[in-house]
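In the order they appear, the protein sequences are chains B and P.
The opening position of the first sequence corresponds to residue 1 in this note's numbering, with each subsequent residue numbered one higher.
The opening position of the second sequence corresponds to residue 1 in this note's numbering, with each subsequent residue numbered one higher.
Some clues are possibly wrong.
[Claimed, not checked] No farther apart than 27 Å at their CA atoms in a straight line, the calculated lysine-lysine pairs in the DSSO-like style are these: (1) Lys140(P) <-> Lys421(B); (2) Lys307(B) <-> Lys329(P); (3) Lys126(B) <-> Lys307(B).
[Unchecked claim] Computed list of chain B residues with no C-beta within reach of chain P, every gap over 10 Å: (4) Leu31; (5) Leu197; (6) Leu286; (7) Leu301; (8) Ile303.
Worth flagging that the hints you see were computed from the coordinates, not collected in a lab.
Just so you know, even glycine gets a beta-carbon here, dropped at the ideal spot from N, CA and C.
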Amino acid sequence: MSATTATSTVKTTRFWTRAHGFGIFYLTVALITLVAALTRVSPDTISRLGLGVIGQPPPVRISFPTQLSLVIIGVLLGLAGLYSLVRPIGEREVNVLLGFSFGMIVLAALVAAAADKSIDMVGMIKDSLRLATPITLGMLAGVMCERCAVVNIAIEGMMLAAAAVGYMASLYTQNMWIGLLVAVLAGGVMAALHAVLSIRFMVDQIISGTVINILAVGVSGYIRTAFLLKNPFGAPGLFPYVFQKTPLWDIPILGAILFQYQPMVYAAMILVPVVWFVLFRTPWGLRTRAVGEHPRAADTLGINVFKVRYVNVILAGCIAGLGGAWFSLETVGHFDDLMTNGRGFIALAAMIFGNWNPIGGALGALLFGFADALNFKFQILEVGVPYQFIGMLPFILTMIAVAGIIGKTTPPAADGEPYQKQ
Amino acid sequence: MTLALEMRSITKRFPGVLANDHVNFQLERGEIHALLGENGAGKSTLMNILYGLYSQDEGQIFLSGREVVISAPTDAIQLGIGMVHQHFMLVPVMTVAENITLGTEIVKNGFVLDLDTAARRIRDLSRQYGLEIDPDAYVKDLPVGTQQRVEIVKALYREADVLILDEPTAVLTPQEAEELFVIMHSLVEQGKSIIFITHKLGEVFAVADRITVLRNGHVVGTTTPAKATKESLAEMMVGREVILTVDKGPAQFGPPVLQVERLTVLDDRGALVVDGVSFDVRAGEILGIAGVQGNGQTELVEALTGLRRCLDGQISIGDVDVTNASPRKITDLGVTVEGSAHIPEDRHEHGMVYSYPIADNLILNTYYKSPFARGVVLDHQAIEDHALRVVHEFDIRTPSVYTGAGSLSGGNQQKVVVGRELSRPIQLLIAAQPTRGLDVGSIEFIHNRLVAARDAGVAVLVVSAELDEIMSLSDRIVVMYKGQIIATLEAGQASREEIGLLMAGIVEEEEEEEEEEHAIA
Chain B
1 MSATTATSTV KTTRFWTRAH GFGIFYLTVA LITLVAALTR VSPDTISRLG LGVIGQPPPV
61 RISFPTQLSL VIIGVLLGLA GLYSLVRPIG EREVNVLLGF SFGMIVLAAL VAAAADKSID
121 MVGMIKDSLR LATPITLGML AGVMCERCAV VNIAIEGMML AAAAVGYMAS LYTQNMWIGL
181 LVAVLAGGVM AALHAVLSIR FMVDQIISGT VINILAVGVS GYIRTAFLLK NPFGAPGLFP
241 YVFQKTPLWD IPILGAILFQ YQPMVYAAMI LVPVVWFVLF RTPWGLRTRA VGEHPRAADT
301 LGINVFKVRY VNVILAGCIA GLGGAWFSLE TVGHFDDLMT NGRGFIALAA MIFGNWNPIG
361 GALGALLFGF ADALNFKFQI LEVGVPYQFI GMLPFILTMI AVAGIIGKTT PPAADGEPYQ
421 KQ
Chain P
1 MTLALEMRSI TKRFPGVLAN DHVNFQLERG EIHALLGENG AGKSTLMNIL YGLYSQDEGQ
61 IFLSGREVVI SAPTDAIQLG IGMVHQHFML VPVMTVAENI TLGTEIVKNG FVLDLDTAAR
121 RIRDLSRQYG LEIDPDAYVK DLPVGTQQRV EIVKALYREA DVLILDEPTA VLTPQEAEEL
181 FVIMHSLVEQ GKSIIFITHK LGEVFAVADR ITVLRNGHVV GTTTPAKATK ESLAEMMVGR
241 EVILTVDKGP AQFGPPVLQV ERLTVLDDRG ALVVDGVSFD VRAGEILGIA GVQGNGQTEL
301 VEALTGLRRC LDGQISIGDV DVTNASPRKI TDLGVTVEGS AHIPEDRHEH GMVYSYPIAD
361 NLILNTYYKS PFARGVVLDH QAIEDHALRV VHEFDIRTPS VYTGAGSLSG GNQQKVVVGR
421 ELSRPIQLLI AAQPTRGLDV GSIEFIHNRL VAARDAGVAV LVVSAELDEI MSLSDRIVVM
481 YKGQIIATLE AGQASREEIG LLMAGIVEEE EEEEEEEHAI A
């Protein structure tokens, strides 16, 4: 070939990347941390993080100076921010830095909260797991629906309705387990409504989900005023602790972290691998995913697209029903209006965070559970920050997590599209 | 030979259309039977009935002489009928093995997917039929030709004896198509029978044992390649004599209209794909840009039509500098000068709004002007009158001008695009892949329109990957290779082979030959 043309070198620079956004975020947090550490904390303040059992003095306790720790964390975050801003870095590095900075921010929050006090780490872990439970169950419901391409933003409503109806059943039968069964069924019924609307009648799935959320608020509110406020029975109580009378309960530290929960926590722990296995290791899961990606391809191979969607959506509703039971039957012991408090939506964030995979979603749910636990801890410890602000923490975390990882996440290709036979 | 399949008097009605009218079709065991017809002739309907995606209103289906009822794809699969759809029915994010076994999965321990056994069986199958595929590869990573092999193996895995290939070559390069024909012959040798749906005449002669031609839902006749000619088949398909070569008189060149100077354009990933390209198109001239897909033609056209930023260089139309001008500015250069028209490469993505009626699609580039707009409102009477005129003039076959554009056949959709672009005064027409995926009748129509535009003094730029199209339309041909124009040729100056070599980047220059000689010496 004749080399008559001059080789022109074109350098392409992208002006704004994900790394830059994160860089500015890290720098902001670093700045806040440093300013707070230097102005609000006196140099002789000590933070204590303990490992132990509630009600007993922690056997292991790490103490370190609050101000110095915060300054170090602030500097590290600042470096991460500068590195992200100055160096053009690849996707992998961005994610590594993201993980590192997240860890740093969590650590900073813990150290700050423990200033002049002691935080029980075992308690934090337990609370995180416990509070992650409804988010995990809701996340599983979301994954099951969206893997077969039905968008479900009605998990919040399904959980709320299940919490109300389940509690009513347990109150009137005076049996917790009948209450649980009814909660599961209530979740399934709400999901069946969503399924019929979005699969049979091809209603826009966002609309259908919104309708169900509003319906759940109305129905549960009615149930509360009509059947729960005035009733002839005593409160049915809470689910018992599963391992309370076994030796497992008393294992030091490990017993507290693993064996001191009520049944819904274990239901979530078991269902995560179960749903993962069903989705990725069984024919049913393969068909579900195929229906979510390319329903017509599945149809041409004789797979009943509608059946796959109905079954998955209704089962997902049942799992959301377990999440509802967590609120009224496992945690609070009665029903309050709007007691699900946005956890159904956080569950969707966890689902996206985990890239529509139950395992990743569970990690996301744990993160949000931790944020919740931290929020409670801050309130109890009376840290000098308005607790309303701390109440926003899980939601801010949601935005950061979803925005941060959203560049890589890919929903099922047919997500949200009704299927129509030719 | 025995009959593998017989379809007797199949009738299928859709609202307003008789898609199949008492169609009789016979497939002998071990033959490749081409089902030929224009888009909308009823080929796909007939095959969808056979595969159980539709059910017929009348008629019977016999397999090996036995009457069968096929009401769902599962029935067809069980009866040994496999279909390779024109748009592949594959899940891109799944592996080949997952795609092939989907719906008939192998399980171990009662309920666990056994993909290892599946992969082994698939390897055996692919060896037996000479269809090289890797069961563990992800479909999204495979080239189109390989994806098609996956589809074929998918049918074979379900022990299909009758294979329906729906327009299998539409998505293939000529080389891939050749490979497919080899595969088809080897399948037939192993006892399979193949129904080959197509509207490309050349392919029929390359593979078919027999040919059945459909037109408007009727069987026109069945023949063999030996008895038929391209011309006779085209006439059977279209129902009248078709001129397969473009009939055009000598060009009357005017002054240059489109002038492109050292144009440099990047693609989405920032790679240099148009590299200092200069050319011009004169009034009354068709300039063809030849080149293998992906050598910068797409980005060049996008830059010329204002859809992509130019990094460097200059574009002018008439005397107006339109470098980095908005598409509206380029479409509508001003009150006194005529604008330019664009027939985009992808008519679904850029050519039309699928869900809009034809009438609205026909004013997408003029809706804001009189007579269609009166102040801030649209004049529906003017729009309807315009639509009726264009539908008539461009022979768009539709029940009404308010039919959704998406429900038309490909050829008619393209006529809507062409009709919209050519039904207003223009000085420049940029047509990218103007006949891709169209049937003979529509191709002929659109070619004639392009030539008519040229004869009316419009400067016409045609970009096409079909060398035959470039050769028969162009007055002048430029060949693009790796973002550069490596040759400019007068029509009739170069042979098909020469241009083919240029498209592959092989430049024959004397000095180069000398260099090669030196190298050899």
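Status of the hints after comparison with the structure:
1. Lys140(P) <-> Lys421(B): holds (25 Å)
2. Lys307(B) <-> Lys329(P): violated (52 Å)
3. Lys126(B) <-> Lys307(B): At roughly 39 Å apart (the allowed maximum being 27 Å), Lys307(B) and Lys126(B) break the hint.
4. Leu31: Fine: 33 Å to the nearest Cβ keeps Leu31(B) off the interface.
5. Leu197: Nearest chain P Cβ is 22 Å from Leu197(B), so the label holds.
6. Leu286: violated (6 Å)
7. Leu301: violated (4 Å)
8. Ile303: violated (5 Å)
Hint compliance for this structure: hints 2, 3, 6, 7 and 8 are not met, and every other hint is.
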